[in-house]
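Here are the chains, one letter per residue:
There are 2 protein chains.
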Amino acid sequence: MSEIGDNSGSRVPWAVAVDVVIFTVDGEQLFARLLRRGKPPFVGQWALPGALLGDEESPSEGARRVLRERLGMPGVYLEQLYSFGAPDRDPRGRVVSVAYFALIPPSAEVGTGEGTQQWHDVRALPPLAFDHDRILALAHRRLAAKLRYSTIAFQLMPERFTLSQLQSVYETIGGEALDKRNFRKRIRALDCIEPTDELDRSGNHRPARLYRLKVPGEVNMIR
Amino acid sequence: MSEIGDNSGSRVPWAVAVDVVIFTVDGEQLFARLLRRGKPPFVGQWALPGALLGDEESPSEGARRVLRERLGMPGVYLEQLYSFGAPDRDPRGRVVSVAYFALIPPSAEVGTGEGTQQWHDVRALPPLAFDHDRILALAHRRLAAKLRYSTIAFQLMPERFTLSQLQSVYETIGGEALDKRNFRKRIRALDCIEPTDELDRSGNHRPARLYRLKVPGEVNMIR
DNA sequence: ACAAAAGTGTTGATTGTACACCCATGC
DNA sequence: GCATGGGTGTACAATCAACACTTTTGT
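Note that the protein sequences, when read in sequence, are chains A and B.
FYI, the numbering for the first sequence is 7 to 229, going by the working numbering.
FYI, the numbering for the second sequence is 7 to 229, going by the working numbering.
Simulated from the structure, these hints should not be mistaken for lab results.
Keep in mind it's a predicted model, so treat the numbers as computed, not measured.
It cannot be assumed that every hint is accurate.
Identical copies look the same in the list; a pair holds intra-copy or inter-copy alike.
[Claimed, not checked] Derived pair list, reagent style SDA-like, types lysine to any residue, alpha-carbon separation capped at 20 Å:
hint : residue 1 : residue 2
1    : Lys152    : Tyr88
2    : Lys152    : Met227
3    : Lys186    : Tyr155
4    : Lys152    : Arg229
5    : Lys152    : Gln86
6    : Lys220    : Arg190
7    : Lys45     : Pro201
8    : Lys152    : Ile228
9    : Lys152    : Asn226
10   : Lys152    : Glu85
11   : Lys220    : Ser66
12   : Lys191    : Asp139
13   : Lys152    : Phe189
All chains should be modelled from the sequences, with the hints used to inform the complete structure.
As structure tokens, this is what we get:
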């Protein structure tokens, strides 16, 4: 029967980390934010932004801190993904990582991290440090799955957006083309966006109506 | 920029635990396995079975160990649920817990743990130690949600079962009555069970056909 | 006038839901 | 023969999927 006393025999220093998969969509591409490592191990390799948890910090607070420190954007959509704790996942010692994923809108101007951070197209990722490739792949699967039964995609939109932009986000993440009329019918049925009186007049064609969320920040489960 | 070196300032001893919500269904009730605590804190209160992770143990291995040590049943359905790490969740120190949930079939004869363990109807739970009430509530929600889009319910069935028993499991977890004919149609469409040539002859009525899983242990996502 | 994307409804297929009676057994 | 749960099909409603043309702008 294990109790907390039993672990006093542990001579391994334990640490708990958070790693955050930060997604954004731009053009027809889904991007994840990666950080080039400056210290061993995995020097020079790309990794997810992360941090060790502070003594008085919950995992979600740690993830928010990563968003604040790395992007200057604490107030975005954030969701716990999965925890990774294989004994050999960090060569420096025993680190259990609670992984999160975050969604940020495309227009957001984001801190550069002195050029050590970059957006990477998730279809062409470099090799990643630690088990971060598995974490990112899981986040990608979860994001694609949640498109089908939640309104999470709106978290990737700017404040005002056209229905074509929204459809493009769905198509980019889901990886398949959607029918324009059926898509608009579906979105209308969700009843969570409303037209503004503004139009998007970029492009050599008929201007597009701009919409906005009725309740910013809300994510609904469908059905 | 937090790196692993930064945490060397931590004067708090960290530990990582697993807690396992173990469900079974019997009769018309959903039960969770609880353990009466013999040591402080929360002496005498009920808690989820759990353990601190060993130095060479992954979280899932730790959860399997809990199943083996507490129930003598390592080979059941097990899924990571969520991680809980509020700084004050354990009064003894900093413990981050990776929660799992497990499903066991009803006929399974399970170790008693010297009478300190008991099945509890989830609709009438005692107060639980730590944040275990939140963990259990989340596990319950997740289980109910997964009924709708996976074949996870079969993990709660004995090797041979009748369609009425299966329907009763769905009704018990989902909390609502289902139409018998529509239920059978749905299950047949899943194409993952097959009739045996045996009948269940208990009860003063027409015997019921016994079915079994086509691929034992497999859990499919629907759609 | 032409190119380019915006915008808009209808039809048929599929899926889900409601619903009632006969069957085989034990007592 | 009666009580008990086992077992089966059909009709309607709702949802989903396929599909083409007109509109408005910039050049």
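Output the numbers, in ascending order, of every earlier hint that fails for this structure.
Result: hints 7, 11 and 12 break, sorted rising.
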